[in-house]
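Asks: Chains C and P are the protein sequences, given in the same order. Using the numbering used here, read the first sequence as starting at 1 and increasing by one per residue. Using the numbering used here, read the second sequence as starting at 1 and increasing by one per residue.
These aren't lab readings, by the way, just hints derived from the structure by calculation. A portion of the hints provided could be inaccurate.
Same chains, same names: a pair is fine if it fits in one copy or spans any two.
[Unchecked claim] Derived lysine-lysine pairs resembling DSSO-like cross-links, with alpha carbons at most 27 angstroms apart:
1. 397 / 380
2. 397 / 76
3. 394 / 76
4. 327 / 301
5. 301 / 397
6. 393 / 301
7. 334 / 76
8. 387 / 301
9. 387 / 397
10. 327 / 387
Protein chains: 2
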Amino acid sequence: MTTHSSPYSTLDLEGVRTFLTSLPAIAARLGGTPDEWRVWEVSDGNLNMVFVAEGPEGGVCLKQALPHVRVDPAWKMPLDRTFFEAAYLRAVFPHVPDLTTECLHFDPEQFILIVPSLSGHTVMRTAMMAGHYHPAVAAQVGDFVARSTFATSLLAEPFERVMDRRICFARNQTLTRITVDLVLTDPYHDHPRNHWADPQLTPIVAALRTSPAVQARIDSLRLRFLCTPQALLHGDLHTGSIMTTGTDTRIIDGEFATYGPIGFDAGLFIGNLILNLFATPDRAGQAVHLDMIQTFWTSFKTRFLALWQEREWAEDRSTLYYATTDKSTQNFEKSLFIQNVFQDIAGFCAAEIIRRSIGYAHVADFSVLTDQSTRTTRQKAALLFAKDCLEQKKPLKSLADFLELLYLHMSAL
Amino acid sequence: MTTHSSPYSTLDLEGVRTFLTSLPAIAARLGGTPDEWRVWEVSDGNLNMVFVAEGPEGGVCLKQALPHVRVDPAWKMPLDRTFFEAAYLRAVFPHVPDLTTECLHFDPEQFILIVPSLSGHTVMRTAMMAGHYHPAVAAQVGDFVARSTFATSLLAEPFERVMDRRICFARNQTLTRITVDLVLTDPYHDHPRNHWADPQLTPIVAALRTSPAVQARIDSLRLRFLCTPQALLHGDLHTGSIMTTGTDTRIIDGEFATYGPIGFDAGLFIGNLILNLFATPDRAGQAVHLDMIQTFWTSFKTRFLALWQEREWAEDRSTLYYATTDKSTQNFEKSLFIQNVFQDIAGFCAAEIIRRSIGYAHVADFSVLTDQSTRTTRQKAALLFAKDCLEQKKPLKSLADFLELLYLHMSAL
Ligand SMILES: Nc1ncnc2c1ncn2[C@@H]1O[C@H](COP(=O)(O)OP(=O)(O)OP(=O)(O)O)[C@@H](O)[C@H]1O
Ligand SMILES: Nc1ncnc2c1ncn2[C@@H]1O[C@H](COP(=O)(O)OP(=O)(O)OP(=O)(O)O)[C@@H](O)[C@H]1O
Ligand SMILES: [Mg+2]
Ligand SMILES: [Mg+2]
Numbered sequence: 001m002t003t004h005s006s007p008y009s010t011l012d013l014e015g016v017r018t019f020l021t022s023l024p025a026i027a028a029r030l031g032g033t034p035d036e037w038r039v040w041e042v043s044d045g046n047l048n049m050v051f052v053a054e055g056p057e058g059g060v061c062l063k064q065a066l067p068h069v070r071v072d073p074a075w076k077m078p079l080d081r082t083f084f085e086a087a088y089l090r091a092v093f094p095h096v097p098d099l100t101t102e103c104l105h106f107d108p109e110q111f112i113l114i115v116p117s118l119s120g121h122t123v124m125r126t127a128m129m130a131g132h133y134h135p136a137v138a139a140q141v142g143d144f145v146a147r148s149t150f151a152t153s154l155l156a157e158p159f160e161r162v163m164d165r166r167i168c169f170a171r172n173q174t175l176t177r178i179t180v181d182l183v184l185t186d187p188y189h190d191h192p193r194n195h196w197a198d199p200q201l202t203p204i205v206a207a208l209r210t211s212p213a214v215q216a217r218i219d220s221l222r223l224r225f226l227c228t229p230q231a232l233l234h235g236d237l238h239t240g241s242i243m244t245t246g247t248d249t250r251i252i253d254g255e256f257a258t259y260g261p262i263g264f265d266a267g268l269f270i271g272n273l274i275l276n277l278f279a280t281p282d283r284a285g286q287a288v289h290l291d292m293i294q295t296f297w298t299s300f301k302t303r304f305l306a307l308w309q310e311r312e313w314a315e316d317r318s319t320l321y322y323a324t325t326d327k328s329t330q331n332f333e334k335s336l337f338i339q340n341v342f343q344d345i346a347g348f349c350a351a352e353i354i355r356r357s358i359g360y361a362h363v364a365d366f367s368v369l370t371d372q373s374t375r376t377t378r379q380k381a382a383l384l385f386a387k388d389c390l391e392q393k394k395p396l397k398s399l400a401d402f403l404e405l406l407y408l409h410m411s412a413l
Numbered sequence: 001m002t003t004h005s006s007p008y009s010t011l012d013l014e015g016v017r018t019f020l021t022s023l024p025a026i027a028a029r030l031g032g033t034p035d036e037w038r039v040w041e042v043s044d045g046n047l048n049m050v051f052v053a054e055g056p057e058g059g060v061c062l063k064q065a066l067p068h069v070r071v072d073p074a075w076k077m078p079l080d081r082t083f084f085e086a087a088y089l090r091a092v093f094p095h096v097p098d099l100t101t102e103c104l105h106f107d108p109e110q111f112i113l114i115v116p117s118l119s120g121h122t123v124m125r126t127a128m129m130a131g132h133y134h135p136a137v138a139a140q141v142g143d144f145v146a147r148s149t150f151a152t153s154l155l156a157e158p159f160e161r162v163m164d165r166r167i168c169f170a171r172n173q174t175l176t177r178i179t180v181d182l183v184l185t186d187p188y189h190d191h192p193r194n195h196w197a198d199p200q201l202t203p204i205v206a207a208l209r210t211s212p213a214v215q216a217r218i219d220s221l222r223l224r225f226l227c228t229p230q231a232l233l234h235g236d237l238h239t240g241s242i243m244t245t246g247t248d249t250r251i252i253d254g255e256f257a258t259y260g261p262i263g264f265d266a267g268l269f270i271g272n273l274i275l276n277l278f279a280t281p282d283r284a285g286q287a288v289h290l291d292m293i294q295t296f297w298t299s300f301k302t303r304f305l306a307l308w309q310e311r312e313w314a315e316d317r318s319t320l321y322y323a324t325t326d327k328s329t330q331n332f333e334k335s336l337f338i339q340n341v342f343q344d345i346a347g348f349c350a351a352e353i354i355r356r357s358i359g360y361a362h363v364a365d366f367s368v369l370t371d372q373s374t375r376t377t378r379q380k381a382a383l384l385f386a387k388d389c390l391e392q393k394k395p396l397k398s399l400a401d402f403l404e405l406l407y408l409h410m411s412a413l
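Turn these sequences into a full structure, and let the hints steer you where they fit.
Replies: See the structure below:
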């Protein structure tokens with residue numbers, strides 16, 4: 001394999017072709033000769049340059065970090081995020097080969113990551129905004145979260161391996177800082193990065209910022225995010241980080257990877273389902289969302305507990321948790337563990353809904369609603385649901401409690 | 001400053017003198033000429049070689065790691081533990097300069113750490129075994145735990161600095177493995193390293209190993225130890241890691257340093273106080289122990305909350321926790337935090353009592369009881385107290401609950 005040691009430079013379309021040509025294994029995967037390859041840009045996120053190249057034999061996707069935020073060149077940013085995305089794929093791919101892409105190549109000087117192309121797949125958010133719901137995807141994402149988090153947790157491995165991986169991802173501080181600030185701090189304070197177009201949201205924003213219960217809960221969630229390294233998280237598992245054909249589903253864009261509470265990934269996913277639910281006008285569509293939330297949770301829980309059960313035969317006793325006690329104690333302790341994950345989900349889900357509505361980076365989902373007053377009603381309802389989640393005196397411990405609260409706020413639609 | 005780059009070799013008394021001679025700053029601190037220095041060995045722990053050198057002007061203590069456990073040469077062990085002890089001192093000394101020793105020199109090839117000599121101080125366990133109790137020491141240790149943990153926690157600093165320190169100490173895996181195995185796993189299973197002389201303890205050991213509640217709680221504590229990096233811990237804060245004159249108190253031997261739950265250090269300290277309490281025949285002595293536990297806890301809590309209060313003026317909002325909410329919410333959340341620390345204390349305290357009684361490394365405290373049957377009664381009572389702690393359906397949330405349980409088991413004496 002050729003190695004590059006030229007200084008970093010941002011590639012354009014021709015640069016991409018040249019770069020791919022220099023990598024024999026990648027060139028072979030594409031097939032034919034470089035002039036037969038079609039190369040095009042697909043960047044649509046905030047941060048990076050993304051290209052797809054297709055040749056007669058196959059396709060790859062090339063992602064390169066920029067020294068700044070793609071959509072805001074004034075916001076400077078180190079390049080190493082592509083390293084962490086590659087490291088994430090290397091850590092989780094063996095456990096979820098059918099649900100994410102393999103890291104085919106990583107260039108540590110150009111900060112380029114190459115994975116197989118998913119050009120037949122659609123971004124889940126885009127599909128949902130077009131009214132195409134794929135309930136099976138929710139089960140697959142639940143499976144992904146269960147397998148990727150379980151495999152990287154203390155429940156699966158001796159602590160030394162977990163700590164080695166924590167050491168690696170604890171250096172992903174630039175993107176962790178973005179999560180800490182943009183998701184878990186700024187929306188709750190007056191900050192120039194916050195924005196919302198609709199003045200009718202302003203009173204809710206004010207209420208969020210003056211509610212002691214909201215403030216306390218968001219501080220607890222931030223502390224939990226930074227101080228509960230249960231498993232390697234994807235870190236940005238919204239519906240824009242999922243590509244699907246409806247049957248084949250792949251999680252992409254793990255550059256925010258960090259050790260944290262298992263409920264973080266799941267909370268972001270459910271939060272984005274709920275944002276789309278509130279942006280969906282018809283009751284039938286909403287019913288599919290509710291079904292997807294339920295399916296996701298069942299899939300996650302079932303797989304996670306099944307993987308845990310399989311561990312009973314491990315040799316290193318210190319890696320066994322709740323394995324040797326009697327069945328009823330074992331079930332009780334494992335349920336408590338899962339219940340704690342659910343509490344985190346409810347909290348991070350609410351934080352995601354809020355930051356995607358009044359923070360720096362909004363979701364596009366509501367733009368399908370062309371009627372301003374409908375949009376207002378729905379955005380308000382989503383925000384009020386999230387606020388209510390955070391204000392619960394007793395944390396929401398089960399999906400049933402959570403859905404009850406959701407129904408309550410859906411009745412305002 | 002001279003640097004050494006000779007390969008590692010274990011120093012003898014003359015080697016120590018030569019080594020100290022080669023370090024101008026240390027030689028100056030000792031004063032006079034090397035032949036005027038008195039050098040003697042003070043190793044009394046399990047792991048390392050420890051020497052004190054005194055010259056006309058002052059004294060130093062030199063600690064060198066061996067490639068094995070000092071008291072068990074067949075148990076091989078990497079040398080890097082002295083690095084972590086030096087790193088621990090560098091991290092916490094600025095916050096507790098009056099309660100520990102400064103790292104004067106660390107040699108990364110010889111794995112030698114040099115700190116000021118405490119030759120006028122006595123090891124706290126030794127003092128207590130001789131019937132010399134210094135209640136003021138408990139307040140000082142509480143202050144040490146509060147200041148060292150607070151300063152290295154997310155409550156005191158931006159998460160980036162905490163993560164950088166976590167990265168460093170997550171490499172202290174050899175000694176963390178010892179804690180995981182010897183403190184939090186082996187005593188609860190049949191393992192060749194466990195031992196106890198008194199057959200009357202055997203039924204209690206059997207009861208510990210068959211109690212589902214004990215098994216579940218110890219697994220939860222192990223998970224919490226490995227998955228709650230709240231602060232930089234000393235990691236081995238027993239009464240043998242404290243040297244005091246009765247007024248001046250210094251914490252030594254931080255080689256087990258790792259990020260973990262704040263209640264771990266405090267739990268080990270209280271556990272060792274309680275072991276000595278049960279080994280103390282007279283009620284008056286026991287009353288002093290109870291007073292020390294109370295004093296320790298009040299001192300810890302008061303200082304920790306005071307440090308937290310001072311943070312209210314920090315500029316980076318994401319580093320503020322429960323600071324901007326109304327006073328009653330703030331007090332509620334902070335009390336909850338402290339209560340969680342107490343729950344950990346109760347658990348780790350119990351684990352320490354158990355492993356110091358039936359695990360690999362026992363405490364000497366009970367050896368002062370020359371009457372076998374008295375010793376048996378008292379060791380049994382200590383073990384049963386610990387078992388009861390671990391078996392509580394509702395975790396012990398306050399010192400009052402904890403002391404109530406302790407009184408109950410003291411009444412068996
Ligand atoms: N493997 C792939 N195959 C085909 N297209 C892809 C692939 N990976 C990503 N894309 C396309 O590129 C877009 C941007 O990718 P990605 O989300 O990884 O970039 P990003 O800059 O990190 O975005 P964000 O701002 O969300 O962090 C995706 O929305 C998708 O349309
Ligand atoms: N700074 C010091 N000044 C004087 N004596 C000291 C000093 N530090 C340690 N000692 C003495 O050396 C002994 C061993 O020190 P220390 O506990 O650090 O060694 P260790 O081998 O790490 O022990 P352990 O088995 O507890 O880990 C202490 O019990 C004390 O008597
Ligand atoms: Mg991205
Ligand atoms: Mg030691």
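Asks: Determine for every hint whether it applies to the structure shown.
Replies: These are the hints, each one checked on the structure:
1. 397 / 380: within (25 angstroms within a copy, 40 angstroms between copies)
2. 397 / 76: neither (40 angstroms within a copy, 47 angstroms between copies)
3. 394 / 76: This pair counts as neither: shortest intra-copy Cα distance 41 angstroms, inter-copy 50 angstroms.
4. 327 / 301: Cα proximity of residue 327 and residue 301: one copy only (18 angstroms, versus 38 angstroms across).
5. 301 / 397: Intra 14 angstroms, inter 30 angstroms, cutoff 27 angstroms: intra-copy only.
6. 393 / 301: Intra 25 angstroms, inter 25 angstroms, cutoff 27 angstroms: intra and inter.
7. 334 / 76: neither (44 angstroms within a copy, 37 angstroms between copies)
8. 387 / 301: within (26 angstroms within a copy, 32 angstroms between copies)
9. 387 / 397: within (17 angstroms within a copy, 30 angstroms between copies)
10. 327 / 387: For residue 327 and residue 387, only the inter-copy Cα distance (21 angstroms) is at most 27 angstroms; the intra-copy one is 38 angstroms.
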